[in-house]
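Enquirer: Residue numbers (this note's numbering), protein chains in the order written: chain P, 10 to 117; chain Z, 19 to 190.
These are calculated hints, taken from the structure and not from any lab test.
One should not assume that every hint holds.
[Claimed, not checked] The calculated DSS-like cross-link candidates involving lysine-lysine, where the alpha carbons are at most 30 Å apart (straight line), are:
1. P:LYS96 x P:LYS70
2. P:LYS96 x Z:LYS42
3. P:LYS54 x Z:LYS133
4. Z:LYS126 x Z:LYS72
5. Z:LYS133 x P:LYS96
6. P:LYS54 x Z:LYS83
7. Z:LYS83 x Z:LYS68
[What the hints assert, rightly or not] Okay, the calculated beta carbon distance ranges per label pair:
8. Z:THR160 x P:HIS97: 42 to 48 Å
9. Z:ASP163 x P:ASN88: 55 to 61 Å
10. P:ASP67 x Z:ILE100: 24 to 30 Å
[Unchecked claim] So the derived list for chain Z, only partly shown, Cβ under 10 Å to chain P, looks like this:
11. ASP21
12. ALA23
13. ARG24
14. GLN25
15. MET27
16. VAL31
17. ASP35
18. ASN38
19. ILE100
20. GLU137
21. ILE141
We put the CB at the ideal spot given by N, CA and C, even for glycine.
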Amino acid sequence: MPMNVVYQSTYYTLYQSVKERCFYVDFGQKLVRMSLCQLLSLRHKVLSISIEDHFDGDLNKHGFEVLMLCNKEHLLVLNTLEILDLKHMVEQGFVAMGLSEEREAVTV
Amino acid sequence: MKDIARQSMSIKVESMDLLNGQIKMEAHASATYLAMASWCEQNGFFTSAKFFYKQAEEERGHMMKIFEFLIDTGGNPLSPEITGINHDYSSIVDVFESTLEHEVAVTKSIHNIVKKARELGDIATERFLDWFVLEQVEEENTIRDILDMIEVTGTEGVGLQMIDNQVGNWIE
Ligand SMILES: [Fe+2]
Ligand SMILES: [Fe+2]
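Bound-form chain Z, shown alone (with noise of 0.2 Å):
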């Protein structure tokens, strides 16, 4: 019997599944640094703000390149139904923890589907996925210099506007 669905589709269609799932999380991490965007801009920190805006562009960015490599593959790319973004933080150290906490989570799942994918041998998905790896690697040591930043400032006085100028330094 010759092979028609072997010849449309390259991956296994869990690794399908689980990639929509992960293109869902880089959506509502887009979303979720738009909100963060809003509220710096609202609170009065606005180069905070304009690191937000890029974050969120740079997540749009990795939802696209699994929605992509699904179309390269012969899978089916879902658009992803967001829903729940938070818009409430209650300082700009909270929103740079979540920031680090989100980045953490997506970490995480990513490396779930890289071990699924290893387990159904499905290769090109495995390797698709080093770049995220990599990636997370990058965008977790950015937070937490940040976070580091802001402990040695300190949020005392005018430690607050200090904190926001100096976070220019990791906007490239």
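One chain only, chain P, in its complex shape (with noise of 0.2 Å):
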């Protein structure tokens, strides 16, 4: 299957099929199909996340966090080094796909 690398951070990697017309993301653990719609509520998502929970005993005991894709098909479980890896991979991804400008840091 003919796929191009959109953007790959340290574990995920960013896929764009043009024959298919979507999207795939390699968590690693499993190759998941997006489209644009699923890759755009997995950025609100991951950036939702409050990646300074982790460092507070308090309000994250465990230190990970459940993600559920694409209307809950996938459910993920990431640490905190994996969480702040894939909120690079998205904001860059969407950086490299055109759809977003380069900057730091962005809230959602």
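Need the complex rebuilt from these two chains, each delivered in its own frame; the hints are there to steer you.
Expert: The structure is reproduced here in structure tokens:
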């Protein structure tokens, strides 16, 4: 299946498939097919995660986040480093797609 | 590389985020005006209550206009969470003064999005907001006129009931 890499972070890769007119995200544990709408929804969920809570034992005791994707079709459990990397991948992925301006720390 | 992202979405994600923020602000305005209608009903300002019911509906209309624009452009509109609605006012004058403050804040927020859209080169968003810029001029003007009328009428004696009756002039 011919796919172009849009952006690659430490743990994750965002691909676009021209033939299927959609995107794929390689989460390591699994490869998930996504429309742009689903990517926008992933972006919202990931950027809404308060990473500060991970450094406060009362707000996030275990240091994990559960992420549901594509209308509850996929469930991911990510640790602090993975969340930070996913935030980075999502932000830079949208820059690489030409839908976002390059800059630090997008707030949703 | 074929540009599937651009073919799927015609505005910038930064504009989308700001417009989702504006959806929230319009929803907050709608809920605030409904709280004002409640206050007016409970304090005997029945014409003003009608005015605020209508305002509440209009603000919801504004929210939906932005919501539909985000759909049309391939964005991801978010249903807003609304909290912190004030129900306490010291007088009918307080109600209308708060309304003007609220409208000025909305105007500033819209101007801010126009400026950001311009920086991003997002012409579609900038043009879309033209209607809102002019709508805000009208809304501010309406509330200022009502406050002027309150000033001229005065709140002594039957003044308060005269004020309430005259608010009817601003309900189309
Ligand atoms: Fe509005
Ligand atoms: Fe308004």
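Enquirer: So, against the hints stated earlier in the document, which numbers end up violated here?
Expert: Going through the list in order, the structure violates hints 19 and 21 and respects the others.
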